[in-house]
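Engineer: Line order of the protein sequences matches chains C and A. Be aware that the first sequence starts at 1, since it is given in the working numbering, and climbs by one per residue. Be aware that the second sequence starts at 1, since it is given in the working numbering, and climbs by one per residue.
Careful: at least some of the hints might be erroneous.
Copies of the same chain look alike in the list, so a pair counts if it works inside one copy or between any two.
SDA-like, lysine to any residue: derived pairs with alpha carbons at most 25 Å apart [to be verified]: (1) Lys565 <-> Phe438; (2) Lys64 <-> Gly407; (3) Lys64 <-> Phe36; (4) Lys64 <-> Glu405.
Hints listed in this document are in silico derivations from the structure and should not be mistaken for laboratory results. Since this is a predicted model, take the numbers as computed values, not measurements.
If you want the building blocks of each chain, they are given just below.
2 protein chains.
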Amino acid sequence: MDTWTLIEQPCRFNRRRGTDALFTLGNGYLGCRGFFEEEQEDVEALGGIYVAGVFGRGALKAWKGMHRELVNTPNFFWVSLRVNGEALLCRPKRMAGYRRVLDMRRGVLDRRFTWTGSDGARVRVRFERFLSVDDLHLAGQRIEIEALDRDVEIELLVGIDARVTQLNRVTTSPRPIQPGRRHLRTLRAGPDEIETVVDTLPKGVRLAEAQRAVLETPAGPLRGADAATTDLAARRFCFRLAAAKTARLTRLAAFYTSRDGADPMARARRTLRRAGDYEGLRAAHERRWAETWRACDIELEGPDDDQRALRFNLFQLLQACPEHDSRVSLGARGLSGEMHEGSVFWDNEIFKLPFFTFTRPAATASMLRFRHRTLPEARRHARDLWFDGAMYAWKSGDDGVEETEMGVGAYYAIHIVADIAYALRQYWEATADDEFLFRYGVEILIETARFWKSRSHYDPLRRTWNILAVRGPNEYDVIVNNNLFTNMMAGENLRYAEEAVALMRRRSPAAWKRLAARLGFRETEPAAWRALAEGLVLCYDRGRDLFVEDDMYLHRVPFDMKRGKPDARRVIDGTLPYEAMALYQITKQSDVVTLMNLLPWKFTPRQMRRAYAFYEPRTAHDSSLSYSPHAVMAARLGMRAEAYRYFRDCAYLDLADIQLNTISGLHFANLGGAWQAAVMGFAGLWQGDGRLHLGPHLPAAWKAMRFRLCYRGGTLRVELRGGKTRVLLESPGPAPLRLCVAGRDVRLSKAGQEVTTPA
Amino acid sequence: MDTWTLIEQPCRFNRRRGTDALFTLGNGYLGCRGFFEEEQEDVEALGGIYVAGVFGRGALKAWKGMHRELVNTPNFFWVSLRVNGEALLCRPKRMAGYRRVLDMRRGVLDRRFTWTGSDGARVRVRFERFLSVDDLHLAGQRIEIEALDRDVEIELLVGIDARVTQLNRVTTSPRPIQPGRRHLRTLRAGPDEIETVVDTLPKGVRLAEAQRAVLETPAGPLRGADAATTDLAARRFCFRLAAAKTARLTRLAAFYTSRDGADPMARARRTLRRAGDYEGLRAAHERRWAETWRACDIELEGPDDDQRALRFNLFQLLQACPEHDSRVSLGARGLSGEMHEGSVFWDNEIFKLPFFTFTRPAATASMLRFRHRTLPEARRHARDLWFDGAMYAWKSGDDGVEETEMGVGAYYAIHIVADIAYALRQYWEATADDEFLFRYGVEILIETARFWKSRSHYDPLRRTWNILAVRGPNEYDVIVNNNLFTNMMAGENLRYAEEAVALMRRRSPAAWKRLAARLGFRETEPAAWRALAEGLVLCYDRGRDLFVEDDMYLHRVPFDMKRGKPDARRVIDGTLPYEAMALYQITKQSDVVTLMNLLPWKFTPRQMRRAYAFYEPRTAHDSSLSYSPHAVMAARLGMRAEAYRYFRDCAYLDLADIQLNTISGLHFANLGGAWQAAVMGFAGLWQGDGRLHLGPHLPAAWKAMRFRLCYRGGTLRVELRGGKTRVLLESPGPAPLRLCVAGRDVRLSKAGQEVTTPA
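If we strip away everything but chain C, and leave its shape as in the complex, we get:
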């Protein structure tokens, strides 16, 4: 069994769009859902192609912003196909031998089927496409049509379809949000070339796309005729195809936006002119994928299903990361769908970044720079709400403005501020990238520490520092006070700020002086941060040695999970309104458990076990952010069967559509969660005390697991096999690497040096 391919066979006629998100291709610049290229009568002009950073104005009423939404851009893979005058449409009676194959090793999507016309004529059709990861502005497509039994008349239109509208109406189930809103204004479409220039509304990003299509028939190459209409730049190829013969269309598409610089159409044309041929472009693309996989893959000796599912999660994560552009980050659904409007939330930092930090640190750096770029907006947001420093938006489009709808509680969900600081610290610990820290990080840490200082309140009655009116990761909280996750992460944030200031002052005094002056830094600040970090109340039940989600959790009403969640639907979609959640001891998604995964050095194993035993049965898993933290902690606590069960819920979440909304896009936090379950759970990875911890917690079903890690400029190769952990230093970093492998302290400094525990 090939663990590198995702195969759909037969066609799911009734819910075809339901699996489009799984077959998404991307290169960080573009994401392209696995839609069928040939036009379909019921879903005309839909496509599903997104450009990182291209947002339009959405319909929801945002708290502050204009509610930006990711724009569905012109479909440059568009095709219309007629055989003997009959439209080739995807219908059960006409199709046979359907197969859609996502080749994850090569980053290529392939689809084939045999179609029988109403006159009995059969043609075999095959589509292949890719978005180049070698040149982010290029895509290739190949279409082969074979007449099986007899001669047929073919009419093939290929072009760029700018009639596309938003997909939300179609893809967001069960609650449609927007009725096919359209963002595009076509400036030019055809007729001489297949070229389209559109502007998005209202902000006016210009998208320019050009393509070259060549049709080879048995009788030789054919030049198409212009077939442009409004909003559609297309060419028409009409030809007779003899029985048993094949015609092949090859096209290359280039695309630029005004975000890439002036005159994007000139750039697209130039790129297209220099693009070379299809095979060459595809080969370069495949070489790049091979390099990426070398660094990022996790190899299993275990069930092929698990291997493929794991690769699927990593593949989709890699494809969508806009590493090339720090003006954008990675949305909750990546570039695979429109749910959450392409926005970025806290889970980017907590669920996705660890994978990149340890495999492609430049990607993490880019996404943290996005947070640095949006500091001005975060400062404005804090000021508007009477706070100091920087308050990051719960939901960001491209500009960092709070895009959460009115009344949805963005004011409360402030742990995102500390989550960003945490990811920054993790990046710095994993890379020792002082330059990045000093250039971008310290400013973020100072401004977020200032935020926490102003957002906390000293309670003279209880004599504690409180953070009131928050919502923790458990979104069924509604509002609570002193959420443990928030308070503890805020405390970390304050400490990171203090330590980073001290470090920069020491190592880069001149730059520090400039920064301190620019930020109006006061020498008394670090001590105040430390005092606050130490004074913040942490909810804890001494009798049970139990850390408590917030100061009311233990007083709330026990929740009947059987009654509340009889099926896969979320509690609030099925049995009770969201508002009711505040009454109950119910956790939508892991909260304390996630916290303990993030800061394992703060808790004893007994405390983790108690917390897991307490919260797990109270957790509804009504979010995709819940399975992987449970897998990680269960693995670390040695509950391997339970860890494996949660790993599978996580790894198959989209493949099996466990949350019932994969149609609207893949769950990107969960994709990162799959890596975390494997590497941070089964391989026990964590850092935080100057060492990189690893340890063997493989599930019974897996004989071995292998992967690479980037760590402080070096590359480690890790293999777990049964109870053994082997770590090899493939390439060293500038300094010796301190590891703690299965409890044993190790230093690795030379290439080829390795350690195995138990020895």
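Following the hints, complete the assembly by docking chain A onto the known chain C.
Structural biologist: Just chain A, lined up with the frame of chain C:
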């Protein structure tokens, strides 16, 4: 100065609609805003006439219901007037001598002005109208047109305009809710008679309206010609009016709906036929008003402004009460505007009912019957949310379904359940109406007690009964636990249920048996209610002898009221989002203060003084439910100047548009609050221990105050003059009345018996 009339002079051209709500006429069946009869080009076909109980489907997304909204029904006062071919429109350059007068004693609206055409011709116009309180299905209108200088050609159209749409777009400022939604489907309009039949959509209430219009000109009566168009039944009168002559149009309109029985048009025609003449109808109407005023007026010896303002509040309250129909209740804006969609909230029971209970107890009985009628829906609501008994909707249209928008917290605002029980108990105490109690009240009390039992939770850690996840009267709470108001009122509700069951068992055993069987009553229930009532935690700070709004209020962040509320706008409209309120010690509207007014026997004077001193500076008064409770408590505590200040804020709230949204309808709770400020504040009225308490707390500006009270079947006449209180029994009840006048216990049993304190 006439204290019976509200006069607008001159015309407020720029914000004319802003005062329409003040000039509303009504008879409980219909409410008719004070709009100009003659069509205006900028606000064509708007009107503003509402029929109690006639709801359509609104645009907001309700939590459970279809979001009912009060329907703007056909405008039967519609007129179009042309002079020498020129439309008579309300414009500054054309108008002089404008005067709009609401005669509150007679219930008549009068408007007059002189209009000068572009050709210089002047006409004097006068409109008079009333909605009969003698026959609720009849209205009268008279229009006089006088040519001042020279002969003019008049074209007068009169009719019923069914083109009306909802006013929300126009009247709800600053946030428009709905874009002129239209609810009506015209079945018939003219041409033979001025008759209109419309159906509301989608529920299909049929409204039938018929009218008779007679024009008397100096040359004799004129019969108009048909001028019906779609949705408009009208007749046209064209005539030449000689200089110094007057023409007079008189029309009577009759209206019925399918809620009144079959064939409403036949009923309307019959009523119209038997209606008699305009003068007779108006005289009967005025006689009725005189009777009403005799029972309900409060007479002052003090500033005329205060007298008029007080009468305005009572007049509007009286006009809108649907005493004739227990299938509806009295909405938050009565029938004077469309804000809150005509819905009924808790303030009906707590702010409006006391006035009716002591002046028109049948009106209270009718509105409590509405709550009894909607018990089935309240039971369903409780069951849907996993509770027992009956959970009344926070926002009810006509059917008791929860109409609150999603996410607005109806789940939390459950004190309404106890508020209804409280109003019921107050009614019973004030009327001794056992029959009503046994027939309707006990069932409500049992079902609400059951609700509280299931909504409370025993906390084994704190060993208290908690009511978690609620919102008290202070709507800036967002969500709190153990709101004092909610817990204490729930405790009362539980006690009332226990006592009512015991009483009915004793006095009406057979009926009790039937009721107990029907409700599945268990003998163990009353003891459980009592135990819960005694166990519910009441937030209280012993050190300060301070009752506390909820269990976190004292721990929250002090609020800078100067920064948060620099102007008349609400905090959340001006400076911070609603979500932020949960962080602060801020009270939107009186909460503990209102509670102490309701249950004065539960608190010591010291506790009341402390509470007032603590909460008053923390109260934003961002609701119309805030001034009157402060007036009442300040008066009772002897802070007469402060009480008077709050009384004036209350009494002028609509007249001076203090809340900036009177355009969308009058604040009916506050209308009732004005009565409470005067009678429960300045005259110190309360009950609750079997006696009726009165006491003199007149403000310095008032020499004397006189009013009547209905009490246990008798009528009391109360006069306060300086420190003296005089109570006269005008007509006795079936049993002697126990009073406590200025601390002195008194019994009155015979007509004419009176008491004065100090003697």
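Engineer: Next step is simple, just say for each hint if it's right about the structure.
Structural biologist: Structure-based check of all given hints:
1. Within a single copy, Lys565 and Phe438 get their C-alpha atoms no closer than 48 Å, and across copies no closer than 41 Å, so neither meets the 25 Å cut-off.
2. In this assembly of identical chains, the alpha carbons of Lys64 and Gly407 lie at most 25 Å apart whether taken from the same copy (11 Å) or from different copies (18 Å).
3. Taking identical chains as interchangeable, the C-alpha atoms of Lys64 and Phe36 are never at most 25 Å apart, the minima being 38 Å within one chain and 39 Å between chains.
4. For a Cα distance limit of 25 Å, the shortest separation of Lys64 from Glu405 qualifies both inside one copy, at 8 Å, and across copies, at 21 Å.
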